[in-house]
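When you get a sec, could you build the whole thing from the sequences and use the hints?
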Amino acid sequence: MTDPVRPDSGKTPVPPTVHPPETRYARQTDFTGDGWRVFKIMAEFVNGFEKMSDTGPAVSVFGSTRVGPDSIEYAASEEMGRLLAANGFSVITGGGPGVMEAANKGAQQAGGVSIGFNIELPNQQRPNPYIDQDRLVTFQYFFVRKVMFLKYSQAFVVLPGGFGTMDELSEAITLIQTQKSRRFPVILMGSDYWGGFYRWVRSTMLGERNYISGEDLDFIFMEDDPETVIGIIREFCPEGFKLNF
Numbered sequence: 002m003t004d005p006v007r008p009d010s011g012k013t014p015v016p017p018t019v020h021p022p023e024t025r026y027a028r029q030t031d032f033t034g035d036g037w038r039v040f041k042i043m044a045e046f047v048n049g050f051e052k053m054s055d056t057g058p059a060v061s062v063f064g065s066t067r068v069g070p071d072s073i074e075y076a077a078s079e080e081m082g083r084l085l086a087a088n089g090f091s092v093i094t095g096g097g098p099g100v101m102e103a104a105n106k107g108a109q110q111a112g113g114v115s116i117g118f119n120i121e122l123p124n125q126q127r128p129n130p131y132i133d134q135d136r137l138v139t140f141q142y143f144f145v146r147k148v149m150f151l152k153y154s155q156a157f158v159v160l161p162g163g164f165g166t167m168d169e170l171s172e173a174i175t176l177i178q179t180q181k182s183r184r185f186p187v188i189l190m191g192s193d194y195w196g197g198f199y200r201w202v203r204s205t206m207l208g209e210r211n212y213i214s215g216e217d218l219d220f221i222f223m224e225d226d227p228e229t230v231i232g233i234i235r236e237f238c239p240e241g242f243k244l245n246f
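Each residue of the sequence shown is one higher than the one before, counting from 2 in this note's numbering.
Fair warning: there could be bad hints in the mix.
To be verified - The calculated lysine to any residue pairs, modelled on SDA-like cross-linking and capped at a C-alpha distance of 20 Å, are:
{"no.": "1", "residue 1": "K181", "residue 2": "L218"}
{"no.": "2", "residue 1": "K147", "residue 2": "P58"}
{"no.": "3", "residue 1": "K181", "residue 2": "E216"}
{"no.": "4", "residue 1": "K52", "residue 2": "V148"}
{"no.": "5", "residue 1": "K181", "residue 2": "E121"}
{"no.": "6", "residue 1": "K147", "residue 2": "E216"}
{"no.": "7", "residue 1": "K152", "residue 2": "P70"}
{"no.": "8", "residue 1": "K52", "residue 2": "F40"}
{"no.": "9", "residue 1": "K181", "residue 2": "N88"}
{"no.": "10", "residue 1": "K243", "residue 2": "F150"}
{"no.": "11", "residue 1": "K243", "residue 2": "E121"}
{"no.": "12", "residue 1": "K243", "residue 2": "R184"}
{"no.": "13", "residue 1": "K52", "residue 2": "K152"}
{"no.": "14", "residue 1": "K147", "residue 2": "L176"}
{"no.": "15", "residue 1": "K152", "residue 2": "S54"}
{"no.": "16", "residue 1": "K152", "residue 2": "M53"}
{"no.": "17", "residue 1": "K243", "residue 2": "N88"}
{"no.": "18", "residue 1": "K152", "residue 2": "R127"}
{"no.": "19", "residue 1": "K52", "residue 2": "E121"}
{"no.": "20", "residue 1": "K147", "residue 2": "E51"}
{"no.": "21", "residue 1": "K181", "residue 2": "D135"}
Just so you know, these hints were derived from the structure itself, not from any lab.
Listed below in C-alpha cells is the structure:
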C-alpha cells in the first residue's frame with residue numbers, strides 16, 4: 002500500500018478517504034448525532050453550575066414576554082424585583098423582554114444580583130439589558146434551563162404569562178408534589194389573571210375529582226401585593242438558603 006505523499010514533495014498527494022454518510026465510521030464522526038449531543042447537554046449543565054456556584058438565596062420571576070413598559074404587569078414585576086433585591090435575594094428570570102426584563106431591571110437598579118437564563122430560539126430571543134453580564138447564561142435546551150431555575154430558587158413568583166409560563170409553573174408543582182425537589186413557595190401574582198385557574202384547581206382537581214390531595218396545594222399561593230409575597234417567602238424559608246436538589 003502506498004503511503005500518502007506530502008503536498009510539497011512534487012508528487013500528487015493521495016486524496017483523503019471520504020466515507021459515505023451511511024457507513025458506521027461516518028456516523029461515529031458526525032458531531033450532530035445523538036451520541037455527541039449528550040456532550041452538548043453536559044456542557045450546558047457545567048456552564049450553568051459554574052456560573053451559579055456562588056449564588057446565594059435567589060427567587061425566579063416568570064411571566065409574559067409580550068407586556069410593554071407601560072403595562073400593569075411590567076410595573077408589578079419591576080417592583081417585585083426591587084423588593085427581592087432589597088431583601089437580599091438574587092433575581093433570576095428567563096432573560097428576555099416583558100415581565101422578565103422588568104424584574105431584572107428592578108433588581109439591578111436596587112443594587113441586587115440580576116441573573117438571566119436566556120434561551121436560543123428560532124426567532125432569536127435577545128437578552129434584556131438589565132442582566133449582570135457575568136450572570137447571563139444562554140441555553141439551547143429548555144430542560145437544562147428548567148433544571149437551573151428549579152435548583153437555585155428559594156421561590157417561584159409567577160406573573161401573568163402564556164404557555165411557557167404555564168410550563169415552568171407546572172414543572173415546579175409536579176417536582177415538589179412528587180418529592181423530587183425540596184418544597185418551596187410557588188406564588189401566583191395577579192388574582193385577576195390567575196384567579197380562575199387557582200379556583201379551578203381547588204374546586205375541580207381537588208374538590209370534585211380528587212385528582213390531587215390538599216397537601217399538594219399548601220405551597221401554592223395567590224397574591225397581588227409584592228410586600229406580601231416577600232413575607233410568604235421569608236416565612237416559608239426560615240432556615241435560610243438551601244439548594245432544592
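Verification of the supplied hints:
Taking the CA atoms of K181 and L218, the gap is near 16 Å; set against the 20 Å cutoff, the hint holds. In summary, the hint linking K147 to P58 is supported, as the alpha carbons are separated by about 17 Å, within the 20 Å threshold. At most 20 Å may separate the alpha-carbon atoms for a hinted pair to count; K181 and E216 meet this at roughly 15 Å. Simply put, K52 and V148 have alpha-carbon atoms about 14 Å apart, close enough for the 20 Å limit, and the pair holds.
Using a Cα cut-off of 20 Å, the hinted pair K181 and E121 is violated, with the two alpha carbons roughly 27 Å apart. Among the hinted pairs, K147 with E216 is inconsistent with the structure: their alpha-carbon atoms are about 24 Å apart, more than 20 Å. A threshold of 20 Å between alpha carbons decides the hint, and for K152 with P70 the separation of about 30 Å lies outside it, so the pair is violated. About 18 Å separates the Cα atoms of K52 and F40, which keeps this hinted pair within 20 Å; it holds.
Taking the CA atoms of K181 and N88, the gap is near 28 Å; set against the 20 Å cutoff, the hint is violated. A distance of roughly 14 Å separates the Cα atoms of K243 and F150; the hinted pair therefore holds under the 20 Å criterion. The hinted pair formed by K243 and E121 fails the criterion: a straight-line CA distance of about 29 Å is larger than 20 Å. Restraint check for K243 and R184: the C-alpha separation of about 11 Å stays at or below 20 Å, so the hint holds.
At roughly 13 Å between alpha-carbon atoms, K52 and K152 fall within 20 Å of each other, so this suggested pair holds. The hinted pair formed by K147 and L176 meets the criterion: a straight-line CA distance of about 11 Å does not exceed 20 Å. Between K152 and S54 the alpha-carbon distance is near 11 Å, which keeps this suggested pair within the 20 Å criterion. A distance of roughly 10 Å separates the Cα atoms of K152 and M53; the hinted pair therefore holds under the 20 Å criterion.
Between K243 and N88 the CA atoms are separated by roughly 17 Å; this keeps the pair inside 20 Å, and the hint holds. For the suggested pair K152 and R127, the alpha carbons sit about 24 Å apart, so the restraint of at most 20 Å is broken. Restraint check for K52 and E121: satisfied, since their Cα atoms lie roughly 18 Å apart, inside the 20 Å limit. Between the alpha carbons of K147 and E51 the distance comes to roughly 16 Å, so the proposed pair stays at or under 20 Å and holds.
Between K181 and D135, the direct Cα distance comes to roughly 30 Å. Violation of the 20 Å bound is thereby established for this hinted pair.
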